[in-house]
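If you want the building blocks of each chain, they are given just below.
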Amino acid sequence: MTFWNDPINYIADWLRGVFMGWGITAGPANVITALIGIVVIILFALAIAIALVWVERKVVARFQDRLGPNRIGPFGLFQPFADIVKLIIKEDITPAGADKVVFNMAPVISLASVILIWAIVPLASKIYGADINVGVLYLVAVGSFGTLSVIMAGWASNNKYALIGAFRMVATMISYEIPMVVALMIPTIIAGTMSVKGITQAQSNLWFVFLSPLGLLLFIISAIAELGRSPFDLNEAESEIVAGFHIEYTGMKFGLFYAGELLHAFTFGGFMAVLFFGGYGGFFGLEKLSAFAWLSNPFIELVVFLLKALIGYWVIMWVKYSMPRIRIDHMLTFNWKFLTPLAFVLLMMTALFDKLLAPTQFYVPGMFLSNILLAWIVIEILRKYSKRERIEQEKPAEPVIQAAHH
Amino acid sequence: MQSEWLYIGLFLVIGIIVPIVPLVASHFLAPHKPNPIKQSTYECGIETVGESWVQFKAQYYIFALVFLIFDVETVFLFPWALALGKLPLFAVLEGIIFILILIAGLTFTWRKGLLEWA
Numbered sequence: 000m001t002f003w004n005d006p007i008n009y010i011a012d013w014l015r016g017v018f019m020g021w022g023i024t025a026g027p028a029n030v031i032t033a034l035i036g037i038v039v040i041i042l043f044a045l046a047i048a049i050a051l052v053w054v055e056r057k058v059v060a061r062f063q064d065r066l067g068p069n070r071i072g073p074f075g076l077f078q079p080f081a082d083i084v085k086l087i088i089k090e091d092i093t094p095a096g097a098d099k100v101v102f103n104m105a106p107v108i109s110l111a112s113v114i115l116i117w118a119i120v121p122l123a124s125k126i127y128g129a130d131i132n133v134g135v136l137y138l139v140a141v142g143s144f145g146t147l148s149v150i151m152a153g154w155a156s157n158n159k160y161a162l163i164g165a166f167r168m169v170a171t172m173i174s175y176e177i178p179m180v181v182a183l184m185i186p187t188i189i190a191g192t193m194s195v196k197g198i199t200q201a202q203s204n205l206w207f208v209f210l211s212p213l214g215l216l217l218f219i220i221s222a223i224a225e226l227g228r229s230p231f232d233l234n235e236a237e238s239e240i241v242a243g244f245h246i247e248y249t250g251m252k253f254g255l256f257y258a259g260e261l262l263h264a265f266t267f268g269g270f271m272a273v274l275f276f277g278g279y280g281g282f283f284g285l286e287k288l289s290a291f292a293w294l295s296n297p298f299i300e301l302v303v304f305l306l307k308a309l310i311g312y313w314v315i316m317w318v319k320y321s322m323p324r325i326r327i328d329h330m331l332t333f334n335w336k337f338l339t340p341l342a343f344v345l346l347m348m349t350a351l352f353d354k355l356l357a358p359t360q361f362y363v364p365g366m367f368l369s370n371i372l373l374a375w376i377v378i379e380i381l382r383k384y385s386k387r388e389r390i391e392q393e394k395p396a397e398p399v400i401q402a403a404h405h
Numbered sequence: 000m001q002s003e004w005l006y007i008g009l010f011l012v013i014g015i016i017v018p019i020v021p022l023v024a025s026h027f028l029a030p031h032k033p034n035p036i037k038q039s040t041y042e043c044g045i046e047t048v049g050e051s052w053v054q055f056k057a058q059y060y061i062f063a064l065v066f067l068i069f070d071v072e073t074v075f076l077f078p079w080a081l082a083l084g085k086l087p088l089f090a091v092l093e094g095i096i097f098i099l100i101l102i103a104g105l106t107f108t109w110r111k112g113l114l115e116w117a
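From first to last, the protein sequence lines are chains A and B.
Per numbering that gives the first Met the number 0, the first sequence runs over residues 0 to 405.
Per numbering that gives the first Met the number 0, the second sequence runs over residues 0 to 117.
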């Protein structure tokens with residue numbers, strides 16, 4: 000075992016040796032080593048969040064035909080650090096009517112809920128926090144902490160706009176959790192494991208996006224809704240309720256919400272890669288050839304994972320800056336009358352085809368074509384429905400009201 | 000396996016401590032000069048009318064109820080999805096019947112008009 004093959008265990012062994020050299024017994028030495036590892040993972044996640052502030056501002060500027068930050072440092076790279084300094088030294092205002100304890104807890108829980116996800120993110124085959132056997136369920140469970148922080152912030156602010164924003168956000172988050180859970184169940188069925196590392200390893204020869212493209216679509220839509228990003232950004236609809244649930248937050252507390260949101264989006268981009276695009280691996284068996292053995296180096300895998308996560312994050316940004324906001328009744332209708340039934344049908348289909356076709360050579364084409372067929376049927380149903388709606392709306396109104404005046 | 004969960008527990012503790020650090024730093028570095036106007040509720044600039052902690056639209060509650068039913072039932076589906084490869088075809092069909100019952104429930108709420116934003 001060298002540093003280049005297995006960096007985490009190499010450093011951990013070295014640290015354990017150092018601590019035991021100081022006369023600490025094996026148990027506490029393990030705990031201290033784990034603590035150092037945890038702090039490193041969290042700082043890594045926060046460093047990504049700081050970088051994302053720059054990425055987000057630069058990309059939105061390009062989408063809107065602007066330059067974005069370009070004054071501080073080369074390409075404005077030091078802008079986020081200036082932002083952090085500004086947020087820290089800005090006065091922190093707590094409204095007089097607020098519930099102070101809950102008000103101060105909400106931003107901490109908001110960021111903590113995202114940081115907690117990083118305990119299971121498989122950055123590379125040998126760089127990860129914990130490999131728990133219910134990883135996918137853990138993702139959903141920790142995500143609900145985020146919902147809790149939103150309702151805490153909205154309720155404690157003692158502000159009507161904040162409360163409206165929080166209610167809308169919670170309605171979105173809980174509604175879209177059902178397609179989300181189903182979308183997470185599909186890789187579970189195909190891989191036969193709920194551990195995110197196991198799901199990644201199951202894709203070493205074939206990405207799951209080829210087996211279930213509709214599952215990916217479900218995951219992207221529900222992930223964007225969970226994040227509360229446009230077109231589902233009713234929670235902070237600037238033109239109606241100013242900033243939604245974090246309207247009363249200033250300074251660093253607002254900064255925590257902001258960092259949490261960006262990191263959450265990036266994490267979902269990463270999970271998009273893990274669940275459907277092979278995560279850190281997925282080189283279609285290429286790494287087994289001796290000429291490409293370097294692909295399974297942990298550092299290469301880390302870079303591959305971060306690139307895939309960035310692409311996923313970019314897709315989420317692309318949707319955010321291209322779509323107008325939708326109304327709350329449309330949002331809930333879209334989920335309950337379209338996405339949820341589609342998710343359940345897809346789940347049944349995947350389960351049945353996985354069972355019937357798994358041992359045969361028709362597995363991959365069968366899964367792919369059945370997804371395409373289902374997508375086609377859904378589009379046909381939608382086309383019929385919207386045609387009927389259009390005819391209904393374009394019917395000329397009868398001039399009854401004018402006659403009544405005379 | 001136990002050590003993995005111990006790790007998650009440690010992660011939880013540190014994950015809560017880390018966001019508190021910048022708040023503490025801000026507490027010592029930022030100015031603190033409160034006044035009644037600064038601390039008033041911010042709603043478009045005009046003074047706020049009435050209580051904020053009021054009863055709210057019941058529709059949100061109904062959606063939460065529908066969600067609760069589905070979420071509890073999807074938890075039952077995870078073990079089935081996990082063991083799918085080892086199950087006989089009959090058990091898979093049973094799971095599909097369970098999902099069909101879920102869809103029947105969804106259709107019922109739909110027909111009852113509970114999914115309308117009235």
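Check before you lean on any hint, since a few could be wrong.
To be verified - Label pairs and their computed distance ranges (CB to CB):
(1) A/65 with B/12: 18 to 24 Å
(2) B/20 with A/293: 36 to 42 Å
(3) B/5 with A/299: 28 to 34 Å
(4) A/12 with B/84: 45 to 51 Å
(5) B/16 with A/299: 28 to 34 Å
(6) A/50 with B/54: 39 to 45 Å
(7) A/143 with B/36: 35 to 41 Å
(8) A/65 with B/88: 56 to 62 Å
(9) A/16 with B/59: 45 to 51 Å
(10) A/143 with B/107: 22 to 28 Å
(11) B/20 with A/143: 22 to 28 Å
(12) B/5 with A/12: 32 to 38 Å
Hint data in this document are derived by calculation from the structure and do not stem from the laboratory.
Keep in mind that this is a model prediction, so the values were computed, not measured.
Glycine residues also receive a C-beta, built at the ideal position from the N, C-alpha and C atoms.
Which numbered conditions among the earlier hints are violated in the structure presented, ordered from lowest to highest? 1, 4, 9, 12
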